[in-house]
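Q: Protein chains in written order, with the numbering used here: chain Y, 16 to 195; chain B, 16 to 195; chain D, 89 to 179; chain S, 89 to 179; chain V, 140 to 427; chain H, 140 to 427; chain R, 163 to 573; chain L, 163 to 573.
There's no promise every hint is true.
[Unchecked claim] Computed cross-link-like contacts, BS3-like style, restricted to lysine-lysine with a CA-CA straight-line distance of at most 30 Å:
no., chain 1, residue 1, chain 2, residue 2
1, S, LYS93, L, LYS449
2, V, LYS171, D, LYS146
3, Y, LYS135, Y, LYS194
4, L, LYS533, L, LYS451
5, V, LYS398, D, LYS174
6, B, LYS177, R, LYS231
7, V, LYS421, V, LYS386
8, R, LYS533, L, LYS533
9, R, LYS191, R, LYS382
10, L, LYS561, R, LYS498
11, H, LYS288, R, LYS384
12, L, LYS561, R, LYS561
13, B, LYS123, B, LYS194
14, L, LYS427, L, LYS491
15, S, LYS146, H, LYS325
[As the list claims (entries may be wrong)] Simulated coverage check for chain L against chain V, where a stretch passes if three residues somewhere in it have a Cβ under 8 Å from a Cβ of chain V:
no., region
16, 211 to 220
17, 229 to 237
[Claimed, not checked] Coverage of chain L stretches by chain R, computed from C-beta distances (three or more under 8 Å per stretch; other residues unrestricted):
no., region
18, 364 to 375
19, 384 to 391
20, 402 to 414
21, 461 to 473
22, 544 to 552
Hints listed in this document are in silico derivations from the structure and should not be mistaken for laboratory results. No residue lacks a Cβ here, since even glycine has one placed at the ideal position from N, Cα and C.
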Amino acid sequence: MLKQIRVHGRGGQGAVTSCELLAIAAFKDGKYSQSFPFFGVARRGAPVMAFTRIDDKFIRLREQVTKPDYVMVLDPTLIDVIDVHEGITDTGIIIVNTSKSPSELNIKTKAKVVTVDITKISLEIIGAPFVNTPMLGAFAKVIGEVSLKSIILAIEEKMPEKIAKKNIDAVKKVFEVTKL
Amino acid sequence: MLKQIRVHGRGGQGAVTSCELLAIAAFKDGKYSQSFPFFGVARRGAPVMAFTRIDDKFIRLREQVTKPDYVMVLDPTLIDVIDVHEGITDTGIIIVNTSKSPSELNIKTKAKVVTVDITKISLEIIGAPFVNTPMLGAFAKVIGEVSLKSIILAIEEKMPEKIAKKNIDAVKKVFEVTKL
Amino acid sequence: MTIEKHSPGGIIKDVGSTTSNKTGSWRTFRPVVDTDKCTGCGTCERFCPDGSIVIDKKKRKAEVDYDYCKGCMICAEVCPVKCIKKEIEQK
Amino acid sequence: MTIEKHSPGGIIKDVGSTTSNKTGSWRTFRPVVDTDKCTGCGTCERFCPDGSIVIDKKKRKAEVDYDYCKGCMICAEVCPVKCIKKEIEQK
Amino acid sequence: MKKDDLIAPGHRTCAGCGPAIATRMMLRATGKNVVLCHATGCMEVTTTQYPTTAWKVPWIHVLFENANSVASGVREALDAQGKEDVHVIAFGGDGGMADIGLRAMSGLFERGHNILVVIYDNEAYMNTGIQRSGSTPWQAATTTTPAGKVSKGKEQWKKDMIAIAVAHHVPYAATASIAFPFDLEKKIKKALSIKGPKFIQIHTPCPVGWYYSSEKTVEVAKLAVDSKMWALYEVENGVKKLTYKPKETPVADYMKLQKRFRHLSEEDIKEYQKRVDENFDKMFDGRQ
Amino acid sequence: MKKDDLIAPGHRTCAGCGPAIATRMMLRATGKNVVLCHATGCMEVTTTQYPTTAWKVPWIHVLFENANSVASGVREALDAQGKEDVHVIAFGGDGGMADIGLRAMSGLFERGHNILVVIYDNEAYMNTGIQRSGSTPWQAATTTTPAGKVSKGKEQWKKDMIAIAVAHHVPYAATASIAFPFDLEKKIKKALSIKGPKFIQIHTPCPVGWYYSSEKTVEVAKLAVDSKMWALYEVENGVKKLTYKPKETPVADYMKLQKRFRHLSEEDIKEYQKRVDENFDKMFDGRQ
Amino acid sequence: MCRSMSCKMHKKRNRTKIILKIRDKMVKKNMQILEGSRAAAEAVVLCKPALTVAYPITPQTHIVEDIAKFIADGKLTAKHIEVESEFSAMSAAVGGSAAGSRVFTATSSQGLALMNEVLFAASGMRLPIVMQVVNRALSAPINIWNDWQDSISARDSGWLQLYCETAQEVVDTTIQAYKIAEDNNILLPIMVCMDGFFITHTLEPVELPEQKNVDKFLPKYKPTHVFLDPEKPMTQGPFAFPKPYMEMRKQLSDAVDNSDKMIKKVHDEYAKTFGRKYGNGLIDEYKNKDKKTAIITMGSLAGTVREAVDAKDDISLVRIRSYRPFPKKELRKALKNADTVIILEKNIALGTGAGALYDEVRSTFYDEDGKKKILGVVCGIGGSEVTVEDVKDIAEISKKKKNGDIWWLMK
Amino acid sequence: MCRSMSCKMHKKRNRTKIILKIRDKMVKKNMQILEGSRAAAEAVVLCKPALTVAYPITPQTHIVEDIAKFIADGKLTAKHIEVESEFSAMSAAVGGSAAGSRVFTATSSQGLALMNEVLFAASGMRLPIVMQVVNRALSAPINIWNDWQDSISARDSGWLQLYCETAQEVVDTTIQAYKIAEDNNILLPIMVCMDGFFITHTLEPVELPEQKNVDKFLPKYKPTHVFLDPEKPMTQGPFAFPKPYMEMRKQLSDAVDNSDKMIKKVHDEYAKTFGRKYGNGLIDEYKNKDKKTAIITMGSLAGTVREAVDAKDDISLVRIRSYRPFPKKELRKALKNADTVIILEKNIALGTGAGALYDEVRSTFYDEDGKKKILGVVCGIGGSEVTVEDVKDIAEISKKKKNGDIWWLMK
Ligand SMILES: Cc1ncc(C[n+]2csc(CCOP(=O)(O)OP(=O)(O)O)c2C)c(N)n1
Ligand SMILES: Cc1ncc(C[n+]2csc(CCOP(=O)(O)OP(=O)(O)O)c2C)c(N)n1
Ligand code: SF4
Ligand code: SF4
Ligand code: SF4
Ligand code: SF4
Ligand code: SF4
Ligand code: SF4
Ligand SMILES: [Mg+2]
Ligand SMILES: [Mg+2]
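Looking at chain Y on its own, in the form it has when it is part of the complex:
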C-alpha cells in the first residue's frame, strides 16, 4: 500500500538525502519508491521539505505529499516556525530530533509523536551534528516500512566508505535507542 513520508529540515541539513536514502532502501526491500524535494528556491538555513513515497507498484503520482503517513523533523526549532504535522493522517507518526519529550513539544496532532536526541548521537559518533542519515535509524525502528538492513546498504552505496561507516554506526545507535 502507498505510504507517504515527509521530512522537514533546513537548507543544508540534508532532508533531501534522508528521503533519497529512504527511497533507495525501500527499493532494496523489494518495494517501489520515489523521492523528491519540495521544489522551492530555499537558501541555506531556510526551512525545507522533502518527500518519499513507497508502494508495491510503480508510483505514477507526482504531486507533493500533502497527507503524509509519516513525518520526520530534523531540526526541532522548525516546530515553532511551521506546522510539521500538517495533513498527517490520524494514524501517522512524527519523529522529531530533539532532547525533549513528545509532550514538551507543542505539536497539535492526533498522530503519534516520537522524539529522539539524534544530534547528541551524531556529535558523539560522527563528530558533527549531521542528523539526516542517522534519523533513518529511528524510521526503521518505529515505522518499519523500510528495513534497517536496506538502509545500511543504501548508505554504503551512496557514501564514501569512511563517512558511510560513521553514519551507519549512528543509524544503528539511533535504531537502538528510539522507542515508540
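Given chain Y, work out where chains B, D, S, V, H, R and L with the ligands should sit, using these hints.
A: Okay, now just chains B, D, S, V, H, R and L with the ligands, sitting in the frame of chain Y:
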C-alpha cells in the same frame, strides 16, 4: 490603363532612382503609380533591374514586372549579358542609352527599339556619366506616359538644387534629341 | 477559486516589504552583544548581510534585530573588541 | 512543377563553383597589361580582389582573366611600373 | 529594524552572503536617486519574491543577460525626460554580467551611456548551484568543473573583467571588496561623479559556493586581497592605481579556508602562488 | 584562371572590395588544412549563392553572431576526432565579430580554444547598407550616423578590439592591413603556429561604404596605416610590438579620399589629427 | 457578368465609381509617393516616441536609417540608441518603456528570432512597446526575402500582431498601435507587421496624417501606470511562485484575448478622424457577400488576392489584420456562408503538415454547423512570388481538392 | 465493476496480474533508484557523444553537472564545452555536428528561448543534434517551475519533440533520439522533453540498458552525409534564393512530417531489444477502449491522469509522445470512439484563448464524421500542481461543458 516599365542598369547606376522619379512624375500627372527595385542582393557593378507601374487606380499588384510595356537600358553593355527585351509586349518600346543605332544592337524583339547617346549628353551637361535621370527625358519624349513637366518637378523635389538643375538640363536635352 | 488581481506585470509598489519574512527563524546560532564591552563602533552593522544590526545612537551600543538576523555570525567575527557571543539558538 | 532534390541543409559540394558566374560582365573599365613593360613582379596579382590575374611563370608576365575581372583597376594603381592601362569596356 | 538601508531585511540570501553585504554597501554610497537594473542571479531571486521586495529604490529585473541593455534604455529614457541627475546602475553577478551579459556590457561601454556597471563577483553561477563562470578562479572546483580523476577544477585563469572594461576606454574602472567598505563606497561615489560609462567589480565571497562557514565571509574577502588573489585598484582615464597595498599573505592562507580548493596539493599551491605573484607583478609593474 | 587560390573568382563582392583582398591573402597563408567558420556579412553573402560557392576550403556559415561559438564546436569536435592539426578560423566582419558576436568571442577566448579569430574590418555594417558599427571611426558618416543638422557622424571613438582581445590574455593578437600583404600573411602564419586562442583584425577599406572609387582600395588602406589611423602591431603574450613604423602622413590625406569624412571642416580635421596623435602615443608609449 | 449599360446594378456601380473617383481626387491631394520604409518612419515621427532603438537588418534598414536621419536633422526629437544586437534592442526598449517613455523599435527575421526571449519578458511585464516587424524568412539557409515565418513563430509571445496590406496601412496602424498598447486595460506590446520588400522597398501613394491631428488622436505620452522613478520607488520583474505566476499569466492571456475590442475601437476612432479604415480592424473582407469560396490571407498578399477576386466572380477575400488576438468570432461571422475556405499563408508550422493559420482556422470552425471545405496553401516562402494568376489557379484547383487538403505553391 | 472472484474477466485479470508481477520482478532486478537528471545523464553516457555542450539553468543543472562529473571521472570520454550562454551552446552544438561528431546538449526555459534563432538554423542545416529540454515556464515574471511553454513555443523550429512521462522514458527516448536523428532520411535535431522537477528532481526506479546492447542498437557515429573536413571541402550554410529556399523548406517540412515512421520504427526496434515501449511511439493510450471521454495530455502529467483513469471508469488517456511531428493520423484512430476529448495542457498560445494543442487537436478532427465535444484545459502553469483529484474533477466538469469550452485550472 496599367502600364509597366522595367529599367536595366548596373549596381550603382541608379536604375532604382529612374523608376522612383518616374513613379513620382506619373503621380504628379494625376495617375497612380508604384515603383520598386528587383529584390536582389546585387553588388555595385552587377546587373540590376527596377520597375515602375502606372495606372488610373491604386495599384495592388506587387509581383515583379515580367511583361513590361516599356524597357529602359542604362548601360548598353548589358545587352550582351542579359535579355533586356524579355517578356516585352509586341507593341512595347525599348530605349537604350548608346551611341549605336537600333539596328546595330542585337536585340531580338518585335518591340520598337530607340537609341540615344545619353552618356555623351550627361558628360557634357552634368560632367559625369550619370544617365539614370537624363534617361527620363527620352521616356517623356517617345513614350509620353509621363509628362516632361512632371519629371522636372519630381527631380526638383528629390534632388539638391544644384544637382537638380544639371539633371533637368540634361533631361531636356535628351528629350530634345531623342526620336522614335 | 478567485484570481487575485495583480498589478500588470507584477509590479510591487510596497517597497522594502520583505520585512514580512522573518528570517530570524532560520537561525541556528544567535549573536548576543555584550553591551558592556560594545563601543558602538558600527563595524558589525556595516558588515551584517541582513541589515539586522542597529547602533543605538544614544546608547552607542549595537542591537541585533532577531526578527531578521540569520545567525551568520559575521558580526562576531568582525567586532574589533570581540564582544558578540555565539550562542546556540533555543526556541 | 518538380522540386529539385537539394542536398539536406543545402550543402554545396562543388567547391569553387562561382566560376560559373562570369563577373567579367560587370566591368565598365578594362585593365590592359602592357606586356612589354610588365616585369612579372606579381604585385597586381597579390592585390586583385577577384583573383583575376595570373602571372605566367614562363613569360613572367601578368595576364588578366577577363572572365572574372570586374574592372576595379586596383591592379593598375598598385603596379610599380604602371604598365596597366585603364580602357573603357566596349562590347 | 534598520530604517535607513535602501535594501530591507527579510530577503532570502543565505546566512553570511557576501553579495548581500556588497549590495548594502553599494546602496549606502548611491543614495536614493538611482534606478537599479538587475540581472538574474542570487541577489535578484532572493530579494524579490512576489508580492514582496527588499528594495527601496526603483528596481527592475528583466532577464539574466540583459541588465546592461535594459539600463541603456532606462538611461536614455530618463535623459529624454530631463532626469539626467538620476543615477542608473546595471547590477548583477559575474555570470550575468561578465559571461552571458558581456556583449550587452560591451555595447553599453562602446555607446558611452552615463551608467555605472557593478558586478558582484562570487566567482561562479551560485543561483543555479555553483557552476563555473568565466570569473571562477583557476583550479577552483565547481559542480561543472569538479575535481575528478582526470581534472583539477577549472582549467582557465579568472577572466580579467577590469582589463576588458579598460580596453573599452571607459573613464573609470575599479575593483573593490566587501572587506574594504570605505574603499568600496568611495569608489562607487567617485564613479557616480563621473559622466559616461564606468565599471566596478566587487569581490564577494559566498559561503555556500566556496564551502566555508558563514561567519568567515569578511575574513575570506580580506585574505583574497592580502594574498593578491584580488587586487584593489582603480583605472581612471587609463591610469592604473592600487588603492590598497596587499599584505602579501600566502595564497595558501586564503585557500585553506575554502573547500573549493581543497583538492590542490602543496605542490599545486606552490605553483599557484607563483602564478599569482607573476600576475600581480605584471599588473603593477611600477606603473601604478 | 587562377587554380591555386583557395577562393575562386566569380564571387559577387563589389569591384575593388577590400575584404575580398584580405580573404585571398589570408587563405594564401593558411593553406588547405583549415575549416572556416564565417559570420553573416558581405564576404559571406557574396561568396555563397546556392548552388555555387567560391570557397575551396571546408566552410560553414550559421548565423551573424555566432561564428565564434560555431568555431568552438568545430574545434572540439575535430579534436575529439584526433584532428588537432586542422586549423579552425572564426572569420567575419567587424559587426558580426566585434559587436553582436562579442560575447561569443569573449567566451571563445576565455575557454582557450585553439582557434584563430580573424576580423575583416570595413568599419561598418556593409552588407545591410553601411550602418554604423562599434568599429566605425569617430565622426565617420554612415546611414545610421548621418551627418545632419544636429550631428557630425559617429559620436564614439572606434572600438579597440585588439585591446579587448589582449584583455582576455590571448597568447597572440595582431592588427594587419591589406596594404601590407607580407606583414599580414606573416601574422596569420605566426598565429596559426601558436596554440590557443589568437586574434587578428585586418583593416579592409570598402569603396562603397567609405565612398571612394574602387581603384583606391589599397591606397586608402596604406594611408590609414601611414596616418596612424590604423597601427600595425602585434601583442605576443602581452608584449606589444609595432610591426611597421608609420610615415606619419596627415590624417587629412587619408580622409579627403573618402566621402564618409567629407562633412568635416578643416577645424574638425585638426582636432581629429590631435586625437589620433594622442591615441597613438598612448598606445606606443615607448613600451613597444 | 452583366455587360448591359442599362442594368441597374451596373448603374449603381458606375455611380459609386464616380463618387469614388471624386473622393479619390480629394484623398489624392494629400498623398505623396513614398517608399514603404519611409512611410513607416514618417509614422514613427508622427507618434513622437521619446526613445527609438534599432539594429539594422535587411529589409528593415531603410526604416531605421530614415529615423536616424530624421533625428540627425532634428525632425524627430528623440533619444536614439544604435545597439549592438537585437537582443539589446528589445532590452533597451523594455528599459525605456519601464522608465515611462514611449519607445519604438523595428526589426526583421533573424533579429526578431534573436529577441525571442525578451519578447516574452516585454509582454509579461506589460510594456506598451510598438515594434515594426518587417517580415522576412528565417535561416537556414539564409534568405533575405519575405515570408511570415519570423513573426508567426513569435505568435505565443503575448505581443499583439497586426499585419498590414499597404504602406498606408502601416502608417495608420503604427499610430493606432500606440493608442491600443498604451491603454491601461491593455498595456501590451504590439508588432506592426509588413511584408519585406513588397511593402518596405516599394514606392506607392501614401497620405501622411497631419501632426496636429495625430497629436489629438494620440496625445503626448503620460503613463498613468507605475514606472521606474526614484520619486516613487517600485520593483518590477520579480520572481513569482506558481500561484501568482499562473494568475498573472491568466491576466495576460485575458488582456491579449480581450484586446480585440480595443483594436476595433481605436480603429473606428481612427477611421472617424482620418477617414481610412481596414474592414472592422480585426478582419477585412472584400466582395465577401454570397461568395462560396473565400480566401483567407494576410499582409500585402491580400492586394494580389483582390486582383484575383476582381477577375473571378466566385471568390472573395477575408484578410486577417489582427493575427494576435486571433479573430475567431469575426471569422465565424464572415465565413458563415462560405462553402470553401482557402488559407493562403507564407509560413510553415513544421511538423503539422501546414502553415500555422491552417489549424487555427479549422479549429475555429470545428463546432460550427455545416461543413466547409477548408484547404491550406503554403506559398510565397522565402520571397517566392505569388501572382494574380497563381491565386486564380489555386481557386480553380481548390474545386478538385478534398476537405483538409494542403499543398505548396511551388514554381 | 465486477467484484466476483469467479468472474471470467476477473480471473483473466488476475492471471495477467501474476504474470505482470513475475515480469516485474525480473525487470526490477536491473533497476535502480535514480534521480531523473542522473538517469538522463546516464543515458547520454550510453550514447557516447563525442562532444557535449552546456550552460546551466534550473532545473536542467543536475544533468549537466552529472555529465561534467562523468567526464572529470573518465566515465564519459567526450570533449565538453562549458559555454558562456545558451546561444553559444546551440551554436557550438551546430559546429560540432557539422564537423561530423555526435553531440549532446541540454537546456530549459530561458535557455531554450535564448537559443531560438539557432534552433531554426540547426534544423535548416539538417543537423542531428539531440537536446534534452527540461520544461520550465518562461519569464516574465521569472519562475523556475514546470510548464511546457518553452518547448511549445519552439514548435515551429523544425526540431522533433518527444515528451517523456518518466525518467525511464527519458533514458529510452534519448537513445532512440540519436538513432532517429542520425538516419540519413531524417537528419533532424530532436528535443527530448521532460518536465522540470517532476522528472529531473525526482528519484525513481530506472533501468539503465547495458552499454553493449546500446552499442549494438546505436553504433558508433559514422556520418555518411557530408561534413566539414579538409580532405573533402564543402560549403555549408549558403545564401539561398527564393526558389531553392522554398524547395529546401519543403524538403525540411517533408522530413519532419515523415519522421513519424522512423520514430515508430526505432521505437519498435528498441522495444524488441530492450523490452520497453510507449504506446506506438507517437501516442500512448491507456485504457482507451470504448471509453467515451478521453483525456489528451503530454509528459509526466500522464502519470497523474493514469491514476485518475484507474479511479474513474469512464475516462481514458491518450498521451501525445511525439508532439512534433504532430500525430494527427494516430489521434484520429485512437479517438475514433470518443465522445468527449479533454486536452490538458501546460502552455498558453496567447491570443488564441487556449493552449497550443487545443487548435491542433480540433483541426485534426475538423473533417471527421460525427462531432466530438473537444474541450481545452490550461493547467499546471508555472509549476501549479495538477492532482489526481483535479483530473477527476475536470472529467466531471467536462460533462457540463459545451463543445469548444476552454477553462483554466486555477487553485
Ligand atoms: C538565458 C538564461 N540562462 C540561464 C539562466 C539560469 N541562471 C539564472 S541565474 C544564473 C547564474 C547566475 O550567476 P551569476 O550571474 O554569477 O549570479 P549569482 O547567482 O552567482 O549571484 C543562471 C545560470 C537564466 N536565467 N537565463
Ligand atoms: C541577428 C541578425 N541581425 C542582423 C542581421 C543583418 N545583418 C546581416 S550582415 C549584417 C552586417 C554585417 O556587418 P559586418 O559584420 O561588419 O560585415 P560586412 O557586411 O561589413 O562585411 C547585418 C546587420 C542578421 N543577419 N542577423
Ligand atoms: S562591532 Fe562590536 S564594538 Fe562595534 S558596534 Fe558592533 S558589537 Fe559594538
Ligand atoms: S549574525 Fe549575521 S545576520 Fe545576525 S546580526 Fe550578526 S551579522 Fe547580522
Ligand atoms: S604589378 Fe605590374 S609589373 Fe608587376 S606583374 Fe603586375 S602588371 Fe606586371
Ligand atoms: S581590374 Fe580589378 S578585378 Fe580586374 S584584374 Fe585588375 S585588380 Fe583584378
Ligand atoms: S549562494 Fe552564495 S551568493 Fe547566493 S545567496 Fe547564498 S551566499 Fe549569497
Ligand atoms: S560593400 Fe564593401 S565590403 Fe561589401 S562587397 Fe562591396 S566593397 Fe566589399
Ligand atoms: Mg556569481
Ligand atoms: Mg563591416
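Q: So which of the earlier hints does this model not fit?
A: 1, 12, 18, 19, 21
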